[in-house]
Amino acid sequence: MSDMTHPQSFLSKYIFSTDHKTIGKQFLFLGMFWALIGAATAYLIRWQIAHPNTPAPGFGIVNFGQYNAILTMHGTIMVFYVAMPIIVAAFSNFLIPLQIGARDMAFPKLNALSFWFMVLSSVILLSSFFVPGGAAAAGWTGYPPLSADPKYTGVTWGTPLWLLALALAFASSTMGGINYLATLITQRAPGMTYSKVPLATWFLVAGTADFFFSVGPLVAGAVMLLMDTLAGTGFYLPAKGGEPLLWQHLFWFFGHPEVYVIFVPAFGMVFEILPVFSRKAIYGYKLILASLAVSVALAYVVWAHHMFISGMNPKLAMPFSVLTILISVPFSIIFFLAFATLKGGKIKLEVPMLWALGFIATFLIGGLTGIFLGSAASDIYFHDTYFIVAHFHYTLFPATFFGGFAAVTYWFPKMFGRRLNEVAGRWHFALTFLLFNGVFWPLFRVGAAGMPRRIADPSQYAWLDQFKGVQSVVTTVAVLLILAQLIFLFNFFISLFWGKKSEKNPYHSATLEWQTDSPAPHGNWGEQLPQVTAGPYEYSKPGAESDFTPQARV
Amino acid sequence: MSSNNQVLSGSHPGEAGRLAMWFLIGSEIVIFGAAVVSYLLLRLNRPEWVVDMARLNANAGMLNTLVLLTSSFSMALAHAAAEDRDQAKVAKRLGLTLLLAAIFLCVKGWEYSAKFHHGIFPSTNVFWSFYFLMTGLHALHVVIGMIAITVLWVRASRGTLAPNLNRVELTGLYWHLVDIVWIFLFPMLYLS
Amino acid sequence: MFPDSLRFFDTLKESVSTYGGDVDHLIWTIFYITGFFFVVMEALLLFFVFRYRASRPGPAEHLPGDQPKSWIWVLALAFVVLVIDLSVDAMGAKVWTRIKEEVPAEDLRVRVWAQQFSWDFQYPGKDNKLDTPDDFHVVNELHIPVNKKIRLDLRAKDVIHSLFLPDARFKQDVLPGREIPAWIEITQVGETRLYCAELCGQAHTAMIGTLITHDDKSFKSWLKEQK
Ligand code: HEA
Ligand code: HEA
Ligand code: CUA
Ligand SMILES: [Cu+2]
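Protein chains in written order, with the working numbering: chain A, 855 to 1408; chain B, 173 to 364; chain C, 336 to 562.
Bound conformation, chain A alone (with noise of 0.2 angstroms):
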């Protein structure tokens, strides 16, 4: 509180801050740290599927058991240490206090404690690469028995370390998510009614919901499995008259809301590019809330679509089929009053709305892929094989780094008062769209063929040889792939310190947070808090003066 008066000192203001902004960038920089890492995991799965058991460069003969490992540490990094923190920690941060004329979060200190207990798990995680018996090698979704005993998996630290760092990440998004909620609810600027509160918080908000009341079970479920494997308990395991299908279950119950918990803020993003890049208000906003809280509420409802074969009993896939499939209606009216958006409007093509676009023709085909999956008959087949890869970065990519992208270019003058350079961005768009789907589109195919997910060696399967030439060129797009975010490096680090200036509103956005100075002080307003008069989308109204309308004037 004392913070507006007296002057900060480096530490106070950098680095154990409890201001909202800084704590979002301090997200941002973790989660694009991971990304470098969980690149690196991408090239070394790429690689090995490629060119198996030859050395890769860099790094040498990736055997099965670091094969294994590292693509549990693939699927763990990107979700829940770029994805969270990016997605949902950084920009709920970031913009949930901006957005509804808060000068902070409701528990600052809370905030800060979260990114701390983050950042401990980050090391907790790192350094289990380099215990004895490796990292976690039992995939992202740690199926026990698998995971539970090291005698199935050589693995002896590696899990229990990798329960701590999740359990510390679970734990940092609990706090954040009491802070997004309740700040939400309290403390909105004068004027702020819920009806005008922009979709970017609502959605940020709504994917917080989702986490927030499912993380328990798999809170419950881990702290069993760290009990199978260090207290000789059996609540897994079958010999001890445990339950193996127990843990998919909590898993599950948790595992497909979380995937929610990062496609909703993504689009929330997206949605609040479109309106500002094409003029026009949003079509149907209240419609838009309504089918987001459907499709928020279904998400608890449809976890055992990723069971239909793991022997549950059959009778149960019929209900999870039919609410997973119906998914695709709430989700087909937030698609549709996207379009309805943008239809009549003046779009202008710069580099966050390029994202915006591209999230939204990427998304398109992860989601409609969904419903093979969704079908348990059709699932048959489908399930662990390379269609369901194809199917989920179509989905993830998207959300993680068409989102994220997305929002970064797009709030960057906002978070550090600079301009990120126009050319280098459109590049670095057109690279990585058509790079993304170059990696990826072949794998539908090569899933349909039954290629197998998690298998360390394709030269085992000798009707696998057919896509040695595909899985060759994928790999070389992959690592293109990977080579094409130097340029966003490059110019997000450039642009930090030598970036053109931005003025307040370089967009002529109309919510709340571009009305206050770029970037946004301490405290985020001057003396007096925002007196709220317009909605968040009032663009191109017949008759106003300009062809927006801010929220307030600030």
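Hint data in this document are derived by calculation from the structure and do not stem from the laboratory.
You can take every hint at face value.
Computed list of lysine-lysine pairs in DSSO-like fashion (alpha-carbon distance at most 27 angstroms, straight line):
#1 C:K461 x C:K552
#2 A:K1140 x C:K404
#3 A:K1322 x C:K348
#4 C:K484 x A:K1169
Chain A is already provided as a structure; the job is to place chains B and C with the ligands on it using the hints.
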């Protein structure tokens, strides 16, 4: 700067705190709920667990139920005293709550050690795994609650709790959760 | 059944089981439905970006769509999606029930033992009963007669595995501690693929076998060779 202080620390500090506590309680209920549902699902196919259940000391469990219920009551009284802004009374009633919580833990500890003496450990079979998992998690929550109550109790007895009296209510909410969880665990483990 | 030129899934090999055709039909139906939405919506997106580009004259249209009556077309489309969903469900339910819920009376019963990292097939022997002294085991080769209903009793010895017979459109996880009933009926003589589809440890990648389908005569002579 007073107007700014007001907004910086949240426009309705009490409300935000209460909300946060309810969210926390919600997420705790999901954790315990998952453990309970897992237990019940396994229990359905394992009639042989009755034998193990019979080895639990239902009297000790009953005693602990009463102890915890009483502590919930004294916690509610402490909240009432906090509403009256009477710190001395708050301190007394929190002290009573702490004492009862300590009794609960002693009984629990005695039960555990009796089990260990008879060679019963979490790894004995899945029933005992669940027993130790759920009562252990619950005991952990008792300890966390006791830490929070101790902090309030020290401050209240020194008479320095005045600006934070609303924390008695929040801690009380949490403490009732701890109580309610036990009220589910007791019949499920000891009686069914 | 479908024009070849549209075969995105030309990599999907022909099925060799009685129910394989049902699965394929479902897959192709979903393919055409989602393919339609894919083509239309991507095209529309491109068209919008081009048609409503900023350089065209005049201001943006004002279409806030904030009145429930402006949602009618959206809800109508969503209703179409709902109807499509339900027909996919109805179609899928039939196939699923046939494959996974109704295990028919069998002509031959084989117990499948999955373990790190091989398949062990336990045959009933002459008396046609499992768990009798004349049972015999074959590793990594599942021999069966053509056009016969084969009952597979799946058991795992250690961790979870998954028996995948891609050309039969058959897949089922195999769990330790319980037996899962499953069935196949293969309609073509010959050798096809069999492998493990669930990560089960370091050499999961090497848990590969073969499904060998005999005509009646050669199955009988194969049986004779076994001890
Ligand atoms: C951001 C992440 C994300 C998202 C959004 C989704 C969205 C969906 N997913 Fe996916 N999924 C994953 C990430 C994601 N998934 C991951 C990571 C896995 C694998 C985990 C692992 O095993 O490692 C997985 C696995 C997975 C499975 C398990 C497969 C298996 O292991 O056997 C299933 C099965 O039902 C499934 C289905 C769906 C469906 C139906 C949707 C739907 O929500 C999609 C809905 C959207 C649309 C359908 C598009 C819009 C609608 C229209 C344009 C209208 C027209 C449509 C119709 C007429 C149908 N997914
Ligand atoms: C968000 C999730 C995510 C992302 C982005 C990726 C990205 C990639 N993945 Fe991953 N993958 C998973 C989640 C993800 N993956 C999961 C959950 C699994 C399952 C694991 C399991 O089975 O247990 C999996 C499995 C998996 C497999 C299957 C292996 C197997 O089953 O044997 C393969 C194989 O090709 C693969 C490849 C790749 C490649 C080439 C990329 C490339 O796209 C990577 C390119 C890298 C980058 C783009 C990062 C660099 C970017 C920056 C440094 C900038 C960042 C900054 C900002 C955003 C601000 N992945
Ligand atoms: Cu057995 Cu993989
Ligand atoms: Cu799912």
